[in-house]
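Participant: The lines below spell out each chain.
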Amino acid sequence: MKPDMRPWRYPTRWIATALLLMVSSSYASPGPCTDKSSDYNGYRVLRVDVKNPIAFITPWGSLSSSLKKGLRLKANAPFSLEGFEEDSAFLSSALKANFSSSHQTVKLSYAGGQILDCDAQARTLRVVYPIFTSVVPSFIAPSIEQQTSESERPATTGATRASERSLLIAPLVGYNQTRRTWGGLTFSDKIAGLQMQGQAEASGNSLSGHFDVVGNNGPVGNLWDHADWAGTFEYVDDPAGAARFKESKVTSRFSASTREFATGRVIIRYGAAIEGGHQQSSATGAALQLTPNSSYGSLKLYVGATGRPGRNAFTASYGLQLGSTFINAAPVFKKHLLDLGYNVNVPVPFRKPLGDTKDFKGPLSTTVHRSLSLETRFTAGLIQDASGTPLAERFLGGNAMRPFVQDGSWLILSNPFIRSIPENQLGAQSGTQLGGSRFYSANATVSFTVWGRPMLPKELATADPRFPGILNAPFHTAALSLANTYKLKDPEYIRVSAAVSAKAVDLNKKLAALSEELKLIPTATAAEPPLARCLKEIKRNLLSTRGAASLIASQPDPQVVDQLVTSLLPALSGFVQELTKGLRDAAQNDLAAQIDRSMTDVNTLGNDIRTADNLPSKKYEDQAWQTLAPGHRAIDVFLHELNIYSVSPVAILDVARVWPVNQGVRYGVGPGLRLSLVNANFTVTYGFNPQRSAQESVGAIFFKLDVTSLF
Amino acid sequence: MPCRPIHVNLEVDPSATQKILLSLDKTCDANDQATWKMSFELLEGKPLATVVKLNVEIDAENHPQAEATAASKGLDNNQQGQAKIAAAIAKDPTVGDDDKEDAAQQVIAVKRLPQTAAPVNA
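Protein chains in written order, with this note's numbering: chain E, 1 to 711; chain H, 712 to 833.
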């Protein structure tokens, strides 16, 4: 068992969250406030709330409380339309001011105002300001780790991706049957673009920790879309049955992942690590052939695929380690690891995931979102030429996961994981066969949400008809903008744009000529009301049309071309037709004919531009939507699946075996419970050990409390 | 439905040297009459500096387009194209302020409403 008890980072924010939960149940159903806002002047305001529906993917989690302080309307004070309008504008300004903290291509904020629960008799009401800001993460791998995290920490995964990391220091404390009571410290910070993170844990019989400096790179051709490199120092001093092992090493690691493939939402990951250090093993019986004290070095190569097609998530990883203690008689050991995982999360009642280009829509539920979740894992390992393998690198199983490499975004299990046996106990009990050279383990966890409350505030789910349609605006705008940018950069478009530019130069000349011809209209004729209105519209149109032609002449832009040929020129043509009819009525036939000819030339050039700029946009739009898809999916999940808190019964089934340690196949089966509270998650399970030896207990409790920072 | 305030801010950063800011603000007076205002700001260069800043009260005839922009699908291709045209016009020293504001107003006016089959007058 390995409790991971991390105190909450910002107590005040958590107290605020808890208070929110407590008071939210006291909300009455929104009453109708159908009169104009000024009719409520003088009513007593019972409550003022700022509701931010997607705090979990934005760094605005605490904004609601901080912004509330700046509002003019206060609880138990009179309502005024002026204050209501000022507050809404203030919130808008505050959200806009924080755009600078994000590097997204497209940012959107929304601030509104609602008056609820109006009571004409008591002359009371409630004020709610819904606010929204969008942040689309630039890199989110569709990995199984992400889905597992969303399942275990539903409110925080997005926030972890989206928020700028800041200094985090948190103490750790826990109990483990192998290590007993332990304490420690975890921290992370971002300095000069580098992520610094570390963790240290100590107990009466163990000491472990690591310190990492992590950097990352953006896309490099087809080699990778995202890459991490890291330097890590690791230290471990742990008991393993009657023995113990120590290992300290410095690791240099590089890992990368490809862009997400459109089909199946799959990415390929690969990496390498080289490590060197020192190891000690305290049990050195001849039969064990363990090296008691030596240098140690290894090369690790690993590759895998992960993806999140539909509601599923999978991972498949292979790792190869070539290691040595640099002792002449000891051969280089070769460790092979295969790690497979599959998760599925099904809403109950079933609901298909929203397509990446589909609009968000209601109805939105105001009750708990229930789901059935299944998490599975199968891991196997083999060490060739195991005689020279240090104990720390042999296979020891239990209810703690040991990663092949220290990489928070990619877990490759390197040991048998079984929740009914304490850490390092599987493969460490016989005394003569310490640590295996082969293993497999399989794990299944099933949970079902039975109780909770949805993340979406009731005010937004039911009282504001504009929601969730308002969320479509940034995605559609961004998709079109991105698609246009992709098209502009496409060599094929650059090739056709030369012809578009040339036609636009000619068009500009014709528009100038048309403008001059309009000046030939006699003043008295031009002043006649129908023609005057027409001329005004034409001059207004010509300003934009000529502006568009100039822009296209210097640098063709598909959106400007689109506006020119589908909107501006047809409108101009219509007005000119109306004008020339009026001119003919005023006996200005020659001038009308001249203007008609010019307009015909303009239309011809417009058609030429439309023909030249005929590269279909669909593939660029598809590419843009694919770029935006992670943020789109996150919001869809938020609207229809996430809860602010929930309780889920859990059932586990584990099977594991380690050779050659004379322990046979081991099982773990038992119940559990998961409580999720915003971004704090407490999961407890008890794994019974049905085939236990005399040395073992009935089973082991496995629980953890983890918190991920929202801010 | 009674008039209630809406404030939407949209920022598009096509490149490191260009930023477009668009704000739509709906306010309500004591008679429940809505007023829509739009501000448009273009920043260019390195470091970014304001090249154009316009504040426009949207004509009543364009209120449906403003509402659709804020609460539906944002800026469509025509509106984004018109925004670039308006930015170019705003930088032209030979164009008067009224005409600059008018070109910016068209960013909203060209919104294609669902029931609009023909192009909107620009």
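Source of the hints: derived by calculation from the structure; they are not laboratory data.
Each residue gets a CB set at the ideal place from its N, CA and C atoms; glycine is no exception.
Heads up, a few of these hints could be off.
Said to hold, decoys possible - Listed below are several chain H residues computed to face chain E (Cβ distance under 7 Å; list not exhaustive):
#: 1; residue: Leu-721
#: 2; residue: Glu-772
#: 3; residue: Gly-785
#: 4; residue: Asn-789
#: 5; residue: Lys-795
#: 6; residue: Ile-796
Participant: Decide, hint by hint, whether the structure agrees.
Facilitator: Each hint, compared with the structure:
1. Leu-721: With a closest approach of 5 Å, the Leu-721/H hint holds.
2. Glu-772: violated (13 Å)
3. Gly-785: holds (3 Å)
4. Asn-789: holds (5 Å)
5. Lys-795: holds (5 Å)
6. Ile-796: Interface hint status for Ile-796/H: holds (5 Å vs cutoff 7 Å).
Hint 2 alone, counting from the list given before, is not met by this structure.
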